[in-house]
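Trainee: Using the sequences provided together with the hints, build the complete structure.
Number of protein chains: 2
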Amino acid sequence: MAESVEQQLARFATATVLDDDARAMMRLSLYDWTVCALAGQREAVAEILIRKGEMEGGAPQATVIGGVRLPAPRAALINGAISHALDYDDTHFDHIGHTSVAVIPAALTMAQAQGRTMAEFIDAALIGSEAAIRIGTWLGRAHYQVGFHQTATSGAFGAALAGLRLIETTRPKIIAGLGLAASRASGLKCQFGTMGKPLNAGLAAEAGVEAALWAQAGLSAAERGVSGPLGFAATYHGENIGSAFDGMGADWRMKAVSHKFHACCHGLHAMLEALGSLNLTADEVASVKIATHPRWMSVCNNPAPRTGLEAKFSYKQAASMALMGIATGRVAAFDDAVALHPSVSAVAEKVTVVTDDSLTEMQARVTVTLKDGRVKDAFHDLSTTLPHDVLARKLRDKGRMLIGDAAEQVWDAVQGNSLRSYVDVLSETPSTGWEDGVDLIMEVLDYFDV
Amino acid sequence: MAESVEQQLARFATATVLDDDARAMMRLSLYDWTVCALAGQREAVAEILIRKGEMEGGAPQATVIGGVRLPAPRAALINGAISHALDYDDTHFDHIGHTSVAVIPAALTMAQAQGRTMAEFIDAALIGSEAAIRIGTWLGRAHYQVGFHQTATSGAFGAALAGLRLIETTRPKIIAGLGLAASRASGLKCQFGTMGKPLNAGLAAEAGVEAALWAQAGLSAAERGVSGPLGFAATYHGENIGSAFDGMGADWRMKAVSHKFHACCHGLHAMLEALGSLNLTADEVASVKIATHPRWMSVCNNPAPRTGLEAKFSYKQAASMALMGIATGRVAAFDDAVALHPSVSAVAEKVTVVTDDSLTEMQARVTVTLKDGRVKDAFHDLSTTLPHDVLARKLRDKGRMLIGDAAEQVWDAVQGNSLRSYVDVLSETPSTGWEDGVDLIMEVLDYFDV
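These protein sequence lines are chains A and B, in that order.
Its first residue numbered 1, the first sequence is counted upward by one per residue in the working numbering.
Its first residue numbered 1, the second sequence is counted upward by one per residue in the working numbering.
Hints in this document: simulated from the structure, not taken from any laboratory.
Hints should not be assumed to be uniformly reliable.
[Claimed, not checked] Which bits of chain B does chain A cover? Going by a derived footprint, with three or more residues having C-beta under 8 Å, they are:
1. 52-66
2. 182-196
3. 210-222
4. 227-238
[Claimed, not checked] Which bits of chain A does chain B cover? Going by a derived footprint, with three or more residues having C-beta under 8 Å, they are:
5. 182-194
6. 209-220
All C-beta atoms in this analysis are idealised placements derived from N, C-alpha and C, irrespective of residue type, glycine included.
Mentor: Rendered as structure tokens:
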């Protein structure tokens, strides 16, 4: 009889990682995750959750971004939410989920609670991320399309497997952990544009840690809670795409993870790259037509955002900002004052969005009609991979843009082999305030006359 | 424009309760919940979760059954699981969910954390229970049938509303709390027969408390996270049965809540009542045919239970036990040693289960062929309501069977007006050990010769 999904995942959770390129990519994602989390710690969602965590308190098992120590599940929740607060973390397009914000907080808190090494932490994060991608692919587009946030749902299973690996438990306990995660994994896409979105990432991390700890402590659960007749896939509109697990352990889909270089929903990035390649300014432009994959329409086509947060999910608003020369790589670009500036909203009126079935979810085409009647178009595909050193350089530039010179210490800690040093960086690096950028951009905007 | 589901619920959450009969029924359910929880505190799932809770610790905001004090969300989780551990708590058949185990722990921990009175606690539990029943009815049978555990899903929203009422927050915050609960509510029916089932009740209670506290602290969420286009109902196979909310606030469906007098899944009770009315013994019986509503087949028709816990979900095993004179009202009846006794399993072979569409979920028919060739049949309908004093007497008998003389102190505290006295009873009443009953039953069984 073929192995069940649960059995395959349990075997994978304890496998030895043999691919150093996959590990190197995991360290790049850890760097990217860390700078996003450090820059996110002054966001309102972070402050609210840290304050609540401090009020509830408990055993100092694991570190929250900024230095507070809390029981592992609570630290995982808060770190997950903080790191997704800016919506600037990595994405995997196989299943359309943010793997790092769900899996890294779970791996990190469990590595601390279990006294593990940096290398063990990295491997657990890699295993958990790969599993989340595979599970999300197995659940399929139907699961995402109906309204589930893959970051939260597949992410919870990846987080659970990362945690279970660090506990080094038995195969039946890993399967129990997956069964328990099946009852706890949740999170809806309708939260996009609210604090509920970053919370979803935290819920995934917490669900994974809780499931791992419950299994360790001896709770029993459905043996096929993920793939059985009344299991997670059957109830959460899963497609059960069996090929999703082909080559798991040998091929690492995590190597194709996509990092953000614009501070908004990943669904906007191919468009922003295409538009940017034309080097146009708002003055020259009469109209812009954006063609994108139909699936993005329910995700990031907010036609009239009312907050900077909502603007991160708006083709029109983001395209307008790019045309006005606002650096969409800066978090400050999505401050309410910038993103909702009357000039930005006026230029946004020139933009229309259409769907094109022939495009993948990672592609976009823009067609710009200039005031002089000329038409220019451009296409971009995010799946074009960058060489490791080019990607590393771009990420380090992003890190400096987010947290200034402290980015260098983060880089060293992430590449090093001391979990303690890495945790120290998480505890002690202040958010240096991307907010400064707002004034700079506003000065430019105020001179605009639309 | 018609009010959204969220708006209706937010209005209901702050309404004044005008129906004393509904309140009286809530107190009966609180009594039933309390004796189940006190009797459940020595179950393995209780010990595991209390130990984990103590290790994680934190601010002593609320009381766990047995006296440990923990932050409110943790206490809610543990109390929810403990009170459902014996599967002996109440059920509402409108949506098929155990409302008390999800809602009471949330109301109780929030009442303690917010310094509320006994009367305010009772009203919050009633509002939350009624809301859970209404939401579950609105989600409909499709939601339950596909695999969701209404106790956990609708229960989370009821728990959230109970908690939000006790915080006495504003309408927008109540709607945010519902939106946050929509991302956290979860729990699968495939856990039945494992510790994952009582955990689901705890997850609902915890989800509700967390959602209420997050909303209070200022987290934003989808405004129509429950009923919107990508909201909870749309993703969780909800049927959106609008009439579910008719008369909410005036009519109390909670008055029709059903209490258990057998220590197993409620789906078996109509059968056990029908079979019991025939006064037969296993010796006389050649075969038994049980007719039940088709929906129960995926819930409690385990044909070959491997544990006492699984036997609670087995028509065959429970019918066999009843025929052998084992008091299925005693928790001891579902101890492994009793429920899986070879004599019980042998008699279970005489039992077949068939479905009958003409029966409701609260009805069952049994047809027994005797060894002498005669055929007897009986029918029972659980929806036949009992007068208040009869129900109270039956519940007090059940209480004494579960926790002995301490049941009287519980009765007094539940009927009283001091939350502190009630909490003292929860802290200080030991589980007096239903396990004693096992030896008694085993002696009877060992004389059986099948």
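Trainee: Compare the structure with each hint and give your call.
Mentor: Hints versus structure:
Here's how the region 52-66 of chain B fares: 7 of its residues keep a CB closer than 8 Å to some CB of chain A, so the rule of at least three is met and the hint holds. With 13 residues carrying a beta carbon less than 8 Å from a beta carbon of chain A, the region 182-196 of chain B meets the three-residue requirement, and the given coverage holds. Counting residues of the region 210-222 of chain B whose CB lies closer than 8 Å to any CB of chain A gives 8, which reaches the minimum of 3, so the coverage claim holds. Given as covered by chain A, the region 227-238 of chain B passes the check, having 9 residues with a CB less than 8 Å from a CB of that chain where 3 are the minimum.
Judged by the Cβ-Cβ criterion of 8 Å, the region 182-194 of chain A is covered by chain B as claimed, because 11 of its residues qualify and three suffice. With a cut-off of 8 Å between beta carbons, the region 209-220 of chain A has 6 residues touching chain B; three or more are needed, and the interface restraint holds.
In the structure shown, no violation is registered for any of the earlier numbered hints.
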